[in-house]
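Protein chains: 2
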Amino acid sequence: VVSVLDELVVPVVAAPMAGGISTPELVAAVSEAGGLGFLAAGYLTPDAVRDQLHATRALTGKPFGVNIFVPGDTAVDESAVDRYAARLTAEAHRYGVYLGDAIADDDGWAAKLDLVLAERVPVVSFTFGCPDADVLARLRENGSTVVVTVTSAAEARLAAAAGADVLCAQGQEAGGHRGTFDNPPAESSVAAELDPDADSAPRNDMGVLPLLREVTSAVSLPVVAAGGLGSGADVAAVLVAGAAAAQLGTLFLGCPEAGTKPAHRAALTEAAGTAVTRAFTGRPARGLVNRFLRQHSAVAPAAYPHVHHLTKSIRAAGDPEAMSLWAGQGHHFVRELPAADLVRQLAADARSALAAATRRML
Amino acid sequence: VVSVLDELVVPVVAAPMAGGISTPELVAAVSEAGGLGFLAAGYLTPDAVRDQLHATRALTGKPFGVNIFVPGDTAVDESAVDRYAARLTAEAHRYGVYLGDAIADDDGWAAKLDLVLAERVPVVSFTFGCPDADVLARLRENGSTVVVTVTSAAEARLAAAAGADVLCAQGQEAGGHRGTFDNPPAESSVAAELDPDADSAPRNDMGVLPLLREVTSAVSLPVVAAGGLGSGADVAAVLVAGAAAAQLGTLFLGCPEAGTKPAHRAALTEAAGTAVTRAFTGRPARGLVNRFLRQHSAVAPAAYPHVHHLTKSIRAAGDPEAMSLWAGQGHHFVRELPAADLVRQLAADARSALAAATRRML
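In order, the protein sequences belong to chains D and Z.
The first sequence maps to residues 195 to 556 in the numbering used here.
The second sequence maps to residues 195 to 556 in the numbering used here.
No lab work stands behind these hints, which were simulated from the structure alone.
Heads up, some of the hints might be wrong.
Which chain D residues stay away from chain Z? Per the calculated CB distances, all over 12 Å, these [said to hold, decoys possible]:
#1 A269
#2 D326
#3 A354
#4 P450
#5 H503
#6 S507
Restricting the straight-line Cα-Cα distance to at most 25 Å, the calculated cross-link-like pairs of lysine to any residue (SDA-like) are [stated by the list, open to error]:
#7 K256(Z) / L556(D)
#8 K506(D) / E387(Z)
#9 K256(Z) / M555(D)
#10 K506(D) / D389(Z)
#11 K506(D) / P396(Z)
#12 K256(Z) / R554(D)
#13 K506(Z) / D393(D)
#14 K455(Z) / R529(Z)
#15 K506(D) / L238(D)
#16 K506(Z) / A242(Z)
#17 K506(Z) / P396(D)
#18 K506(Z) / K256(Z)
#19 K256(Z) / Q246(Z)
Please read all numbers here as calculations on a predicted model, not as lab measurements.
Even for Gly, the Cβ is constructed at its ideal location relative to N, Cα and C.
Turn these sequences into a full structure, and let the hints guide you.
In structure tokens:
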């Protein structure tokens with residue numbers, strides 16, 4: 195476990211980015227450059243994951259990882275989903291598409307687990323929850339290092355108790371889906387108006403530095419820090435704050451090896467900022483602020499993956515104002531740079547930043 | 195300017211904490227230990243600020259700062275304030291108090307400005323906006339270093355253009371009020387239900403690391419980083435990320451010199467977490483999650499300082515479940531420690547953390 199992270203020449207992990215972004219070429223380039231690349235099994239068929247695994251292995255002999263979505267509670271407020279679908283009818287008309295079926299699948303959980311076991315993938319990471327202890331034990335006995343994504347000290351304790359080798363502490367700055375284990379309904383002013391005594395739980399919005407402190411204090415596992423890291427100086431900052439490695443997703447969106455759509459790529463530096471929204475998938479995720487996000491975030495229900503399927507055709511219609519342009523808070527610093535060069539640059543800049551701060555403190 | 199920060203023996207700033215927390219004793223102890231202490235002029239009468247200034251000067255000859263709230267646009271949705279007041283009637287009954295008058299004062303702006311000019315305060319910082327360029331010029335010509343609190347690159351550019359010497363970049367992790375220049379209405383699901391085409395602007399939720407990167411890229415001023423810093427390692431982390439100094443508030447709440455109420459002190463380590471809310475003052479502020487915050491956050495209007503005055507008697511009633519327990523995301527790491535010891539500990543831990551990360555990166 196610790197050895198996989200300790201053996202990295204550069205303590206930089208390229209985040210798994212589902213939806214076609216984390217290609218075998220990107221993953222292999224990162225691992226070849228001394229970091230750790232991650233394939234994203236999410237939304238792919240198990241066969242497609244197998245193909246990507248083999249393609250990656252053909253490109254590198256270095257360790258890499260595969261990330262799998264953990265299926266959660268799919269009991270949702272069906273009437274809220276119906277109301278949201280009715281609202282989105284106008285969007286579907288606008289783009290000349292049909293809304294998808296708001297179904298609850300498990301993203302091929304069992305088959306993907308069988309696959310990473312059969313393929314003895316070096317590092318297997320999980321998002322949206324922590325598998326049962328026996329699942330983690332099978333992976334570890336099989337030689338895989340197991341990483342569980344957490345967003346709070348409570349989740350960190352659960353993952354450590356289940357036998358995780360490494361935790362990925364994901365701050366609220368991170369792009370794409372929040373890795374929270376559960377998906378509680380958002381604070382609703384409608385509900386609050388109806389019942390002045392109603393408790394509405396505020397969402398977990400821990401930033402990467404305080405989260406890292408909470409997690410490293412709660413458990414004694416190595417922790418990879420993720421969320422809004424936009425430079426080698428930021429990589430060094432989280433190492434100084436106690437991380438075993440830094441995970442970056444957004445900066446890798448600019449690499450030619452990434453499968454980032456051109457409209458997404460262009461928007462990264464142009465967009466004013468990002469926000470966390472359930473509008474696209476029914477689970478909180480951070481993306482560049484566009485029209486769809488602004489108009490639907492306040493009412494989108496907590497219903498995943500129902501809403502993901504519902505909005506698929508709208509997102510695929512090609513209008514950047516209605517696409518899920520996932521990005522973290524460091525998105526303005528994306529540049530077009532081959533992944534190996536980016537990894538080397540992050541390492542060099544991290545060293546410079548450490549040296550400068552050390553001079554200041556002496 | 196730069197000299198005040200550069201001359202600090204320890205690049206640690208104790209955040210101004212209004213409401214009686216930042217006492218002359220706390221400010222003097224921090225500055226005497228080599229950091230920079232800050233008096234909080236907010237909510238005090240100008241006479242009380244003068245008394246605190248003199249008391250601080252009697253305790254230390256070292257530089258210290260005074261923070262002043264910048265009055266903002268007080269044109270609010272009066273009907274929303276009335277509805278909120280009606281809702282809070284039950285709270286007032288519960289505690290046997292009368293609601294305050296929802297008035298819009300300017301917190302003694304002109305008199306406090308005259309005071310810091312007359313007293314030639316070494317460092318003057320501003321929150322909730324940036325004063326006009328002529329105000330900053332008068333302070334600078336008078337020998338004061340001027341600090342403006344910002345939460346975005348856009349605010350940083352405005353403050354730099356107005357002539358600020360230093361910026362304080364406040365991440366969303368920070369306790370107490372967000373220093374945003376404006377106070378836009380929250381995303382409202384009520385409004386969104388009524389008008390499906392309505393844009394609802396997502397709130398600015400930049401974490402301290404990406405904010406620091408944005409601000410240092412946007413302007414060439416020295417930047418103090420604030421938000422959720424819970425240890426010397428976190429101080430070192432923001433220095434590595436490019437800050438000229440680290441500002442901490444929450445950790446100083448545990449110092450015996452601080453005027454932290456006993457109930458607030460006890461809740462810091464016991465509370466599960468924090469959330470940003472307008473429930474107490476009508477402006478977004480981060481506090482420990484308690485009953486009042488859970489029950490009113492979703493509907494509290496953007497009306498500052500109207501709501502601050504409205505809720506004053508409820509907050510003063512002494513129930514920790516209805517007090518504004520301001521705290522940042524590092525609140526679990528508060529300990530009872532004299533301020534000078536805390537400053538020295540932060541410096542020592544920052545050096546250790548830098549050394550450990552440097553060994554890892556070589």
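Hint check results:
With a least beta-carbon separation of about 22 Å from chain Z, A269(D) lies farther than 12 Å from that chain, consistent with its non-interface assignment. Distance check on D326(D): its Cβ is at least 25 Å (rounded) from any Cβ of chain Z, clearing the 12 Å threshold; non-interface status holds. Interface exclusion of A354(D) from chain Z stands, the closest Cβ pair being 17 Å apart, more than 12 Å. No beta-carbon of chain Z comes within 12 Å of the beta-carbon of P450(D); the shortest separation is about 23 Å.
Residue-level check passed: H503(D) sits 21 Å from the nearest beta carbon of chain Z, beyond 12 Å. Every CB of chain Z is more than 12 Å from the CB of S507(D) (nearest about 19 Å), matching its label as outside the interface. Of the supplied pair hints, the one linking K256(Z) and L556(D) holds, its CA atoms being roughly 21 Å apart against a limit of 25 Å. Only pairs whose Cα atoms come within 25 Å are accepted, and K506(D) paired with E387(Z) is accepted, the gap being roughly 22 Å.
Between K256(Z) and M555(D) the alpha-carbon distance is near 20 Å, which keeps this suggested pair within the 25 Å criterion. The straight-line distance between the Cα atoms of K506(D) and D389(Z) is roughly 23 Å, inside the 25 Å bound, and the hint therefore holds. Restraint check for K506(D) and P396(Z): the C-alpha separation of about 23 Å stays at or below 25 Å, so the hint holds. About 20 Å separates the Cα atoms of K256(Z) and R554(D), which keeps this hinted pair within 25 Å; it holds.
As the CA atoms of K506(Z) and D393(D) are separated by approximately 22 Å, the hinted pair is consistent with the 25 Å bound. Restraint check for K455(Z) and R529(Z): satisfied, since their Cα atoms lie roughly 15 Å apart, inside the 25 Å limit. The straight-line distance between the Cα atoms of K506(D) and L238(D) is roughly 14 Å, inside the 25 Å bound, and the hint therefore holds. With a CA separation close to 19 Å, the supplied pair K506(Z) and A242(Z) stays within the 25 Å bound.
Between K506(Z) and P396(D) the alpha-carbon distance is near 23 Å, which keeps this suggested pair within the 25 Å criterion. Distance hint between K506(Z) and K256(Z) is unfulfilled; the C-alpha atoms sit about 35 Å from each other, more than 25 Å. With a CA separation close to 15 Å, the supplied pair K256(Z) and Q246(Z) stays within the 25 Å bound.
Of the numbered hints listed earlier, the single one contradicted by the structure is hint 18.
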